[in-house]
Amino acid sequence: MIVELGHYALVLGLALSLAQMVVPMIGLRTNDARMLAVAPSLTVATFLVIAVSFAALTWAYVTSDFSVRNVWANSFSDKPMIFKITGVWGNHEGSMLLWILTLALFGALVAFFGGNLPSRLKAAVLSVQGSVTVAFALFILLTSNPFERLSPPPLEGRDLNPILQDIGLAIHPPLLYLGYVGFSICFSFAVAALIEGRIDAAWARWVRPWTLVSWVFLTAGISMGSYWAYYELGWGGWWFWDPVENASFMPWLIGTALLHSALVMEKREAMKVWTILLAILAFSFSLLGTFLVRSGVLTSVHSFATDPERGLFILMILVFFIGGSLILFALRAGTLRNGGMFHPVSREGALVLNNLFLTTATATVLVGTLYPLLVEAVSGEKISVGAPYFNYTFIPLMIPLLMAVPFGPLLAWKRGNLAAAAERLWLTAAISLVAALAIAWLVYDAPILSAFAYALAFWLIIGSFADVWQKAGFAKNGWSKGWARLKGLPRANWGTALAHAGLGITTLGIVGVTTLEDETVLRMTPGDTTSFAGYDVAFNSLTPGKGPNFTYDKGIFTISRDGRVIGTVEPEKRVYVASRMPTTEAGIQTVGLFSQYYLALGDAVEGSEDIVVRIWWKPWVTLIWYGTVVMVAAGLISLSDRRLRIGAPVAARRRREAALAAAKPEPAE
Amino acid sequence: MRALLPALIVALGLATAPAHAVNPDEILDDPALEERARDISAGLRCMVCQNQSIDDSDAELARDLRVLVRDRLVAGDTNDEVVAYVVDRYGEFVLLRPTLSARNALLWGTPIIILLLGGTAAFMFGRRQSQSRVGEALSAEEQARVAKILDEGERRDG
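Read top to bottom, the protein sequences are chains A and B.
The opening position of the first sequence corresponds to residue 1 in my numbering, with each subsequent residue numbered one higher.
The opening position of the second sequence corresponds to residue 670 in my numbering, with each subsequent residue numbered one higher.
No lab work stands behind these hints: they were computed from the structure.
It is possible that part of the hints are untrue.
[Stated by the list, open to error] The list that follows gives simulated cross-link-like pairs (lysine-lysine, PhoX-like), each with its CA atoms no further than 25 Å apart:
id, chain 1, residue 1, chain 2, residue 2
1, A, K487, A, K471
2, A, K471, A, K414
3, B, K817, A, K471
4, A, K267, A, K471
5, A, K481, A, K471
6, A, K487, A, K476
7, A, K267, A, K487
8, B, K817, A, K414
9, A, K382, B, K817
Computed from a predicted structure; not experimentally measured.
Working from the sequences, and respecting the hints, build out all of it.
As structure tokens, this is what we get:
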């Protein structure tokens, strides 16, 4: 009964989102204020019924109702409760339901927080958002109904793909979806602006927090996914340039570009047309990502769904929204007038450079991801585009961009002084070089090129604070006054500094683990000891056992250095009962704060007691994820800035106008 | 749907096979040679896997290829000869880094083309913008205001 209720609620959600799309649009045409005013209530209602639908499916999972095909195919009665719940979105149908729930949630948030939006703009935004909801509700109901029943109901389910039975899965997809789908708001704002033919700094001020929210979630989601793959897939890789990873990375790159160009638009009313285009592209890449993952067109680690019918349907959605918005863009972009002028050497100029490189990087990842499909479609030949291609193209694009990062915030708007910025950064450059050379010297066999990479990472981390350091002006104002100024800085300034520094920390982790990583593989029997990368490893025991829905062989290893025990790790090899699928659980010991000792069990060696053991030494590897944590925190700090808070812009503008009226020079931002 | 299920299971099985690479018995005695073998392996695709190199995959075929690469190295082949040998047998599909050929021109050219086009576009746009303002001097009123602001700024800083 509850399952049917869920199904019914989803159909109702389709009907309501249809109304949400159509009614305000008619209101815009006929200038009917009542039809415009109904948009927020319809949006909230759509969200509520879809939430009911999602709750119903969750209930079916929690109670292991195997008469529901989706539950039967992806759950198991002995599965731990947490994985029953996360299993709701660990499959195609459920994950699409989560997708549409997120979509409706963002619409409802705009309806809820949009009190000070012009009513026409708000109605247009919600209408566009509604149209996306309609498309995906249709998709779910027509091709991927999660509420389909089975008769007779089976006694036991087939269990969730074992690699997905992990806490990582509980967090990874929802974060990713919040990021992906968050860009739908930017998209709706962009299309609404094109429909209305009006766009100004207030528009950018509205769009920027939403971009930031999406970016924060996407950053966290990608990072989470990366760490999950690192410890779950059992060979210690943290990024594979897998098509599905690329699918989430492209919206991130474009979203980052959008974040920066929206800044120019908000502050200087420049780059309007470009910002609109980026807003459309960011969501287009999210849709493309959904298509690539959901259609199974690129079969890869993540593609747990393969069905051409669905692929075709999403492709139609893709063509409609991307094509439609780009046509609208081509028709209307000419009517948008650009505002502020700027010199090439200026904050704006630096942000244009940022956009140029990020867009090129996105295009590179896009071409690399789709090229095999293209070649196969055209000539029937099969080629592979793997990690080496991306390393050869993406990294060279990132180096100049990362080098330029510390300069950006030091350049003034309109016309900056590059020489002065360089002068402020010379100390940063000196420290970075010394630190890099020290590392290269300590690690005697490090290639000289890697010293440059270290210098780049330090340059980023230290240089990111040059701007706030300069604003504090310790040299000029003394410590106490400088400190007070530092505390008085707008949070957005801190956000910028921290986000850039976080990028530097991630870079340092990548450089560290890439240049210093070591690995070995050997045969061991319980009782054996070995030493590797300066640590001693004792293989204590290998014991079989039984988990809730799997059996395992667990090895226990003690890691020590100079007789002092660092820790014990327990890598496992598992076989899941329902699927007969083997998986590995790596044993990871963090040494110090940033480095990890990573052990995984291989196959038993036939005709002996031995088992293959693989050991990796991963220096500084955790910095990769700590860096992203800093970036996420930076995003949140920036979001809490008064200027970005909803409703604050008006007050801020009034204050600024008052300040202008008093003919005082505006403090540099 | 029913017909698809076995395919799906196979796909999942492949996708989730524990990705364990080189086994101890495969390792060559000569560390320099082994190092070269690892380098080559990282660039060759395990053809029954999704986006894994033979160095990362423990599929049967990946193992065979790893052994093949090592056999060729022991026989005295250069790295390029080993790769050419494998490509001859399995086609370009095994290369994780596609060749620089006419067919792949767009693939390798995209970063450079976009960077140049985008850079040119930004430059042209900037020039047009600044040209449109050439000769536009500040009005007397604006100049007075600028002077006043600069003056006050100096007084405040000083």
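Which of the listed hints are not met by the structure?
-> 9
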